[in-house]
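Engineer: Numbering (this note's numbering), first residue to last: 4 to 702.
Warning: the hint list may mix true and false statements.
Claimed, not checked - Okay, derived cross-link-like pairs now, DSSO-like style, lysine-lysine, Cα gap no bigger than 27 Å in a straight line:
1. K250 to K235
2. K179 to K207
3. K235 to K256
4. K256 to K323
5. K61 to K235
6. K61 to K105
7. K211 to K235
8. K211 to K179
What the hints assert, rightly or not - Computed spacing ranges between beta-carbons, pair by pair:
9. N46 to T82: 46 to 54 Å
10. E54 to E98: 39 to 47 Å
11. V146 to Q245: 34 to 42 Å
Just so you know, these hints were derived from the structure itself, not from any lab. No residue lacks a Cβ here, since even glycine has one placed at the ideal position from N, Cα and C.
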Amino acid sequence: MLESADRGNRFSIEEAHDADIGPNAVQRYILQKNDNFILAEDNKRVQLVLENDLDREKQKNINLLLTVLDGGSPQRSGTVIIHISVLDANDNAPEFSQTVYKASLPENSPPETIVITVSATDADEGVNGDVTYDFGHVSEDEVSVFSIDPKLGTIKVTGEIDFEEISSFEISVEAKDGLGLTSYAKVIINVVDVNDNAPVIYIKALSKPIPENVPPGTEVGIINVQDRDSEKSQQVRCSIQQNVPFKLVPSIKNYYSVVTTGQLDRELVSDYNITISATDEGSPPLSSSITVHLSVADINDNPPVFEEQSYSAYVNENNKAGSTLCSVAARDPDWRQNGTVIYSLLPGEANGAPVSSYVSVNGDTGVIHAVRSFDYEQFRSFKVHVMARDNGSPPLSSNVSISVFVSDVNDNSPQILYPAPEGSSFMTELVPKAAHGGSLVSKVIAVDADSGQNAWLSYHIIKSTDPGLFTIGLHSGEIRTQRDISQSDGMKQNLIVAVKDSGQPPLSATCAMYLLISDNLAEVPELKDISYEEKNSKLTSYLIIALVCVSTFFLTFIIIILGVRFCRRRKPRLLFDGAVAIPGAYLPPNYADVDGTGTLRSSYNYDAYLTTGSRTSDFKFVSSYNDNTLPADHTLKKSPTEFADMFGGLDASEEVGTLLFCNIRIQNTLLMHSDHGFKGKFLKKKKTFLLHAHDTFTG
């Protein structure tokens with residue numbers, strides 16, 4: 004029977020047979036009690052009537068005991084078992100083991116990960132009991148993420164699962180049997196958060212640029228940090244890793260302020276690349292970082308600074324106006340106009356004149372130029388001050404001193420002081436006939452306004468009457484005899500002396516020296532034969548006349564001395580080798596010793612002045628002096644008072660024929676007359692001779 008048979012359906016049963024007849028034949032049927040069937044008799048036909056529905060799933064087979072009784076006595080019965088097989092009908096839909104299935108799934112689970120397996124059973128059998136699984140009404144996103152095995156009911160991961168996108172899934176699963184009966188179950192999949200999201204840092208506000216004079220603690224930026232994870236994985240700590248003058252101060256939730264911690268200096272660091280790191284508290288922790296660029300704005304807080312504390316410039320004299328002396332350079336670490344340097348000269352004076360009359364400075368380059376040509380003999384050095392100023396507001400400045408040193412150039416020829424220039428006066432030297440070889444005859448005195456090597460003078464005889472008779476000291480200018488004077492030597496000896504300096508190229512000057520070999524002025528020929536040519540100057544004429552007069556006076560004095568000598572039977576000697584006149588007018592206006600390198604050194608300075616008439620007056624020879632001979636910035640001359648004192652009270656006007664004698668010559672004279680008792684000092688007719696010998700001189 005089909006289990007789907009309706010109640011009341013009848014099923015005929017074969018009749019029972021009894022060989023007896025009549026009352027002893029079959030009388031009635033008895034059906035064993037059961038839940039589904041009852042027995043019905045109609046016109047001796049026996050039928051089973053379905054009283055209750057069959058359920059194959061409850062009772063697949065039913066065995067009924069049917070008993071038949073006859074009417075005899077004793078009563079006899081017969082039994083039969085009716086075996087009823089309940090045929091299946093698709094009357095049961097599949098049933099899930101659970102109405103709601105729940106599962107937890109970590110996010111980022113790889114594909115083919117089994118999430119859960121659903122199970123449904125169908126009480127039917129055969130095709131009616133074959134169950135297949137499928138998703139019910141689901142979205143495309145869910146279909147793309149999960150799949151279900153239609154036979155096994157296993158749900159697997161097929162796509163990417165992100166907790167931050169969807170934290171849970173609710174999926175309807177359908178179970179269907181072979182003939183289409185269905186049932187549904189709910190599957191809830193909770194996605195478990197995994198710390199798979201690093202914190203994200205957002206710049207909300209930033210000051211650009213930052214003035215370098217902002218005080219510490221100034222807020223220069225705001226950042227926000229977000230983490231898409233949950234719970235502890237969402238907790239974030241932020242920090243600045245580098246050693247920079249900035250720090251993070253927590254503000255409201257997930258917000259931080261970037262503040263300064265120290266004084267900024269654009270000249271030291273003009274830009275900062277700050278790395279801000281954020282780390283969550285997940286396991287394992289994840290972190291991220293961002294680099295923030297901060298620029299420091301310049302403030303005019305630095306004055307220009309010169310590369311050197313002071314500068315020195317060296318320039319040769321006679322330079323061209325506009326020539327470059329040196330260059331100054333100042334650096335200002337500030338930016339743009341705050342660091343633009345302008346140079347200018349500070350007001351001041353040098354050697355009594357404004358410095359602007361000497362030099363100028365290029366305002367842009369700092370190059371120092373000479374405004375005019377310099378003369379070493381006028382000034383050797385001077386200082387100027389240059390100011391470097393920036394273009395900031397307010398402007399800042401600094402100063403530096405520049406020492407300008409003028410180097411000497413050999414631009415001055417030697418100037419001969421003695422003998423006087425040719426034609427200026429009548430001058431001659433007397434040489435005793437008894438002079439021995441090596442005797443000091445005269446001396447050429449010359450100076451050079453230059454300095455150093457340019458003022459190193461050398462003396463040379465370039466022409467002489469008798470080339471072998473006289474020689475001159477290369478550096479002293481002393482004229483000495485090379486041999487003893489003989490009777491055959493001419494009385495008149497003319498020497499042409501050249502004085503040359505050591506500059507490059509060397510410069511030179513020449514002078515004429517007139518020597519008379521005689522022991523007696525009476526033997527001297529007419530002076531006009533060796534005189535200089537007159538140059539139409541009244542003063543020169545007066546000098547010549549005065550010289551002749553004074554010479555006459557000296558001649559008388561010498562005759563008296565010679566008479567005394569002859570009376571004492573001593574060898575006649577001249578007290579003096581010669582006399583020369585050096586009028587004050589011949590002295591140069593300004594010859595200074597140059598730092599100890601000048602040409603007129605103390606060893607060759609003279610302070611004895613005589614005239615041809617001074618032999619009758621008291622006079623003295625004193626040692627050479629250093630302090631008053633050619634000092635710097637002074638002239639080589641004596642005051643009238645000094646002349647008067649030196650020549651025994653004579654009036655200065657009487658000194659026109661002044662004769663200059665070197666101490667060396669005096670000493671030489673003493674040595675020549677030593678056998679006559681002239682030693683140290685002596686007195687002669689109230690004429691006092693004070694003689695000092697110098698160790699530096701010999702011969």
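Engineer: Where does the structure disagree with the numbered hints, that is, which hint numbers, in rising order?
Structural biologist: 2, 4, 5, 6, 7, 8, 9, 10 and 11
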